[in-house]
Amino acid sequence: MTTFIQQLINGITLGSVYALIALGYTMVYGIIKLINFAHGDVFMVGAYIAFLCVTYLKLGLLPALIISMIFCALLGMLIEKFAYKPLRNSPRISALITAIGVSLFLENLMQLLMGADSRVFPRLVNEKNYHLFHGKVVVNSKQIYLLIITVLLMLLLNFIVKNTKIGKAMRAVSQDMDAARLMGINVDTTISYTFAIGSALAAAGGVLVGLYYNTINPLMGVLPGLKAFIAAVFGGIGIIPGAMLGGFSLGVIETLVSGYGSSMYKDAVAFALLILILILKPSGLLGKNIKEKV
Amino acid sequence: MKKRFLVYFLIVVAIYVIVTVLMKIGVIDDYIKLNLFLIMLNIILGVSLNLINGITGQFSLGHAGFMAIGAYTTAVLTTLEKPLPFYLTVLIGGLLAMLCGLLIGLPVLRLRGDYLAIATLGFGEIIRVIIQNIDYLGGASGISDIPQGIDWTGYFIITVITVVVILNIINSSFGRAMIAIREDEIAAEAMGINTTLYKVLAFMIGAFFAGIAGSVYSGSFGFIQPDMFNFFKSIDILVIVVLGGLGSISGSIISAIVLTIISALLQNYPEVRMILYSLILIVIMLFRPQGLLGTKEIKLSKIIPMLGGDR
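Residue numbers (our numbering), protein chains in the order written: chain A, 445 to 738; chain B, 32 to 342.
In short, the hints are calculated from the structure, not lab data.
A hint or two may mislead.
A short, non-exhaustive set of chain A residues, derived as facing chain B with CB atoms under 10 Å [said to hold, decoys possible]: (1) Pro530; (2) Tyr709; (3) Pro726; (4) Leu729; (5) Leu730.
Calculated cross-link-like contacts (lysine-lysine; reagent style DSSO-like; alpha-carbon spacing at most 30 Å) [what the hints assert, rightly or not]: (6) B:Lys327 with B:Lys34; (7) A:Lys477 with A:Lys606; (8) A:Lys612 with A:Lys529; (9) A:Lys609 with A:Lys525; (10) A:Lys710 with B:Lys264; (11) B:Lys34 with A:Lys477; (12) A:Lys732 with A:Lys612; (13) A:Lys580 with A:Lys477; (14) A:Lys477 with A:Lys732; (15) A:Lys725 with A:Lys477; (16) A:Lys725 with A:Lys612; (17) B:Lys264 with A:Lys525; (18) B:Lys327 with A:Lys529; (19) A:Lys529 with B:Lys264; (20) A:Lys502 with A:Lys580.
Positions of the beta carbon are idealized from the N, C-alpha and C atoms, including for glycine.
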């Protein structure tokens with residue numbers, strides 16, 4: 445039982461990162477129906493920016509986090525402007541291939557600039573282990589930090605989407621782009637903001653992962669990126685609560701698989717889960733079934 | 032028709048004879064020979080992926096997984112105590128990959144576009160992870176000392192067979208059904224084409240040749256490990272197809288040759304090579320989404336008017 449609780453805690457920690465990245469996927473997909481393959485690499489860039497801030501500018505966790513989020517928000521807008529915007533009316537496959545191209549570009553540019561080796565991410569918080577259940581369950585202070593920051597960011601996002609003008613515009617554009625345009629909403633700006641917000645969340649995820657695992661490398665975004673996408677699909681792509689639910693579930697499932705089975709299979713399980721959900725309930729757990737228009 | 036067949040046949044034989052002679056007199060050294068092998072491998076992989084992605088219009092990102100199945104089949108069967116003959120293992124490798132193509136294709140091909148891409152990517156990774164976890168297959172460190180079973184002649188014949196078979200499929204009624212699916216799946220279905228059948232068929236044939244490429248690879252390079260067949264390998268093959276043109280077989284062949292030469296020249300700068308690849312993908316999609324050649328084929332009859340016009 446205690447092992448199970450321990451796994452659950454680890455799973456929720458991991459899942460909160462997946463959820464953060466999945467939010468960006470889901471928002472972008474909800475609006476322009478594009479799987480932004482480069483999202484996982486924005487996550488990696490976020491981790492590196494924070495790393496540079498902390499190592500060379502000697503900043504603390506919070507300033508580094510904010511700088512990294514702002515930088516990645518700009519990066520996201522830039523990627524959208526140059527790579528995706530010209531393709532908005534072309535077949536979705538072209539946009540997908542471009543996204544793969546952008547992803548490869550970011551990974552390899554970072555390898556060229558920073559070297560392919562892993563870097564040690566500095567320890568920014570006091571590490572302390574809290575023992576629960578007579579010391580059988582261990583909660584690390586890093587896990588608490590991670591969870592608090594994630595939940596705060598999610599609440600912030602929720603506020604933006606529900607209560608602000610830009611959030612309202614985002615929801616309108618995701619419902620019907622043309623109708624939104626007729627209502628006087630600037631669709632291009634809205635899409636740009638969506639990329640900015642999604643990328644900022646991914647950057648936060650990157651910083652938190654760096655903090656949690658103490659190591660970063662240029663390819664660190666590939667697998668979490670794909671898994672966050674799986675999480676988004678799992679919860680119902682285009683639906684924000686779905687991304688959170690999907691992220692947390694995937695994190696828990698993955699740690700349970702590595703806890704009780706073999707950690708080698710955890711990646712395979714994630715993909716198997718994706719294929720299963722696509723076959724059984726393609727719209728995801730929270731999604732509604734929409735008939736495809738001919 | 033007969034005359035054209037004869038001309039193509041003579042050209043293929045001429046290429047073979049010229050390269051063989053150059054090898055004998057030492058103009059083509061081992062390094063060039065190695066790259067020739069890689070070119071032919073990439074031709075097999077590119078042409079077979081083009082059947083799925085270009086001709087049938089499905090988006091598969093799992094080609095490396097099928098390649099891994101072929102590679103490991105050959106590696107295991109030729110290192111047994113009583114090894115099977117190499118070319119038999121190539122066939123078995125291809126058939127096993129094809130079987131996996133069927134198993135994966137049936138459920139997954141109900142998906143479309145980007146979902147299909149992710150699902151096939153997932154299957155490719157699942158295959159790799161499973162291989163990595165089987166101790167008998169050497170785990171993450173792979174299998175080495177695979178006996179060399181193929182030479183230049185074998186390579187050349189397999190490549191030519193692949194291209195000829197796939198060209199024949201495309202020019203048959205099968206191929207026209209596949210092209211119809213690419214152009215408009217719903218309309219194709221309305222015209223009475225069994226879209227699932229042709230999509231699965233394209234997937235299986237593509238997987239078969241990817242398996243063969245994998246077998247040939249392990250039989251010529253002697254060493255394989257699961258990481259060689261990861262997601263990035265699938266991207267490599269995708270770049271070949273996209274650059275040459277989604278739907279152009281001659282385009283795939285040309286871009287396989289060009290890209291292999293480029294990556295051989297950039298061997299010492301792998302990051303630069305990948306940055307170049309990524310820029311190729313982005314720029315081509317922005318300015319010429321259908322690839323350099325689009326769906327056009329380069330035909331000899333256009334270059335040499337003597338052979339007469341198109342059919």
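Hints, one by one, checked against the model:
Evaluation of the Pro530 (chain A) hint against chain B yields a held restraint, the C-beta minimum of about 6 Å falling below 10 Å. Because the closest C-beta pair between Tyr709 (chain A) and chain B is about 7 Å apart, less than 10 Å, the hint holds. Proximity of Pro726 (chain A) to chain B holds as hinted, the smallest CB-CB distance being about 7 Å (cut-off 10 Å). Hint on Leu729 (chain A) is violated. Least Cβ distance to chain B is approximately 16 Å, over the 10 Å limit.
Residue-level restraint check for Leu730 (chain A) is violated (minimum Cβ-Cβ distance to chain B is 17 Å; threshold 10 Å). Distance hint between Lys327 (chain B) and Lys34 (chain B) is fulfilled; the C-alpha atoms sit about 22 Å from each other, no more than 30 Å. Annotation: proposed proximity of Lys477 (chain A) to Lys606 (chain A) holds, straight-line Cα distance about 21 Å (limit 30 Å). For the given pair, Lys612 (chain A) sits about 21 Å from Lys529 (chain A) by alpha-carbon distance, which is consistent with the 30 Å threshold.
Taking the CA atoms of Lys609 (chain A) and Lys525 (chain A), the gap is about 22 Å. The hint holds against a cut of 30 Å. Between the alpha carbons of Lys710 (chain A) and Lys264 (chain B) the distance comes to roughly 21 Å, so the proposed pair stays at or under 30 Å and holds. Restraint check for Lys34 (chain B) and Lys477 (chain A): the C-alpha separation of about 50 Å exceeds 30 Å, so the hint is violated. For the given pair, Lys732 (chain A) sits about 21 Å from Lys612 (chain A) by alpha-carbon distance, which is consistent with the 30 Å threshold.
In summary, the hint linking Lys580 (chain A) to Lys477 (chain A) is not supported, as the alpha carbons are separated by about 46 Å, beyond the 30 Å threshold. Restraint check for Lys477 (chain A) and Lys732 (chain A): satisfied, since their Cα atoms lie roughly 16 Å apart, inside the 30 Å limit. The straight-line distance between the Cα atoms of Lys725 (chain A) and Lys477 (chain A) is roughly 18 Å, inside the 30 Å bound, and the hint therefore holds. Between Lys725 (chain A) and Lys612 (chain A), the direct Cα distance comes to roughly 28 Å. Compliance with the 30 Å bound is thereby established for this hinted pair.
Proximity of Lys264 (chain B) to Lys525 (chain A) is assessed by CA-CA distance (about 29 Å); at most 30 Å being required, the pair is judged to hold. For the hint pairing Lys327 (chain B) with Lys529 (chain A), the CA-to-CA distance comes to about 27 Å; that is within 30 Å, so the pair holds. As the CA atoms of Lys529 (chain A) and Lys264 (chain B) are separated by approximately 28 Å, the hinted pair is consistent with the 30 Å bound. Under the criterion of a C-alpha separation no larger than 30 Å, the hint pairing Lys502 (chain A) with Lys580 (chain A) is inconsistent with the structure, at around 37 Å.
The structure does not agree with the numbered hints 4, 5, 11, 13, 20 stated previously, though it agrees with the rest.
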